[in-house]
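Engineer: Okay, here's what each chain looks like letter by letter:
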Amino acid sequence: MKRTLITLFIFLPVATFAYTFPRTLTVGMSGDDVKNLQIILNSDPVTAIASTGPGSNGQESTYFGALTEAALEKFQQKYAPEVLFPAGIYKPTGVAGSYTRAKLEGISSNTNFSSIGRITSVLPADTAMIIPPTSSIQAPQTYYSSQYLASVDFYKKYSSGSVPLFLTISKYSVRHGDSVTITGSGFLEANTIYFGQNYHIDNISRIDSNTLTFVVPESVPNGSYAVWVVNKNGSTYKPNASNFFTISDSPADPPTISDFYPKTVSPTQGAIITISGSGFSATGNNVYSELGTIVNVNSDGHILTFPLSSFSGYLQFVKNLKVVPTTPIIIMISNRNGSASIPTPILLQ
Amino acid sequence: MKISLFLFFSILLISPASAFAVPLAGFPFGGLVSVPLYCTCSQNWRVTYSIAYPLLSPFATSRSLIYQPGETVAYGFQQFVTTPTPATWELGTYAPGAAQCLITAPNPDDPCLILPASGTILTEGASFPGAM
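So the sequence lines, in the order shown, correspond to chains H and Y. Be aware that the first sequence starts at 1, since it is given in this note's numbering, and climbs by one per residue. Be aware that the second sequence starts at 1, since it is given in this note's numbering, and climbs by one per residue.
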């Protein structure tokens, strides 16, 4: 009879329910919701509060202290695209706000809580977002505007040990196996490169704090992606970036310029500039010079033409010719496949 | 008093704007500033110099160098202006080699675009703008 009762107890189903966090949680707070937060954090070794002793699995408390905060930051970093990026935040906060609580609640629905509130089993772990788990999480830093991030002072000041900065990429249209270089700053020994929200490659070593090189992996399917870099100091994610990086079996060639005409031009003649080369897009070619920018110029792929007067700064430069009678200007063509500049400047006189 | 003021402004004019010593390396350059382009992403300047005007006009050649705020040491009137000024004659030294002017893409959240330059200006002194 005793053996029968024990057997029945073992096979009694445990209650399963998704826990709903009623409030935002932060350091210094107490309550059963804090304890449930700790239980969920301890369900994953990556986000565990402690391996032994107070705060470890089975020794959770109702108090939100420094250990819980650190574990929550690890949780936020692991699930950053779901809990931080939508809020425009790029560093873990250690505060369980609405997005973080939603993710915690989602995980709790995959977790069996026993009738006494302890986790007795966990379904297959969510494998999204791999951030080097052995690195310590630094204190949250202020998020800087894109203009400030682009400043050279910021570049130098934060050339090591601070929020990563993504400045340039060597190729925009690639195939699997191609080597690509990213320049910027703040790159560490271990970095993760994201291709959109669904694909990433981990443990990318830096060449130096300003340079990363990676090989386009087979694990990222053909397609167009925004690309950003994440490490323990932060992320270069930009919410409005276009899908500027394209992987395909037949990548498009970047633009190249073989010749241009005229070499010397008088503004009073209403010059039409003709650039010949290859890799020009049918639409979406942008032309840059000291005179300004012309966007979305069409091409047949080999010839690109535009009137010099289309540049926004054209009239000012015509005035400048009175004091600088010969003005050399550079022309750069860019499209989604890359960019190229004319080899010698056009002379305005 | 007048002598003191004269000495003060003379010393001010010939003193470099930056506190560090003038580097010994670098190639000399000189020319007329024709086009300064502000590099919106790297926040430096790509300055184009007409280096053979007017003797070889219309075959005047040019060189584009990077003016790096905070690193380029400015002398003379250049230390009183914050940006390179067209029609200014300049002399100085530069470090040759690949230098980059990064400009913001049409979508500012996309990677920056690169305009090439011949080198980075180490030291430069300028005439009063417009003096020809």
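Hints in this document: simulated from the structure, not taken from any laboratory. Idealized CB from N, CA, C, for every residue including glycine. One or more of the hints may lead you astray.
Unchecked claim - Keeping only pairs whose Cα atoms sit at most 25 Å apart, straight-line, the calculated DMTMM-like set for lysine to aspartate or glutamate is:
| hint | chain 1 | residue 1 | chain 2 | residue 2 |
| --- | --- | --- | --- | --- |
| 1 | H | LYS238 | Y | ASP109 |
| 2 | H | LYS232 | H | GLU69 |
| 3 | H | LYS171 | H | ASP253 |
| 4 | H | LYS171 | Y | GLU71 |
| 5 | H | LYS232 | H | ASP253 |
| 6 | H | LYS232 | Y | ASP109 |
| 7 | H | LYS171 | H | ASP208 |
| 8 | H | LYS171 | H | GLU69 |
| 9 | H | LYS319 | H | GLU218 |
To be verified - Stretches of chain H that chain Y covers, calculated by requiring three or more beta carbons in the stretch to come under 8 Å of a beta carbon on chain Y:
| hint | segment |
| --- | --- |
| 10 | 211 to 217 |
| 11 | 233 to 245 |
| 12 | 331 to 343 |
What the hints assert, rightly or not - Counterexamples of contact, computed for chain Y against chain H with all Cβ distances above 10 Å:
| hint | residue |
| --- | --- |
| 13 | PHE9 |
| 14 | SER62 |
| 15 | TYR75 |
| 16 | ILE114 |
| 17 | GLY119 |
| 18 | SER127 |
Engineer: Checked against the structure, which of the hints given earlier come out wrong?
Structural biologist: 4, 5, 8, 9, 10, 14, 16
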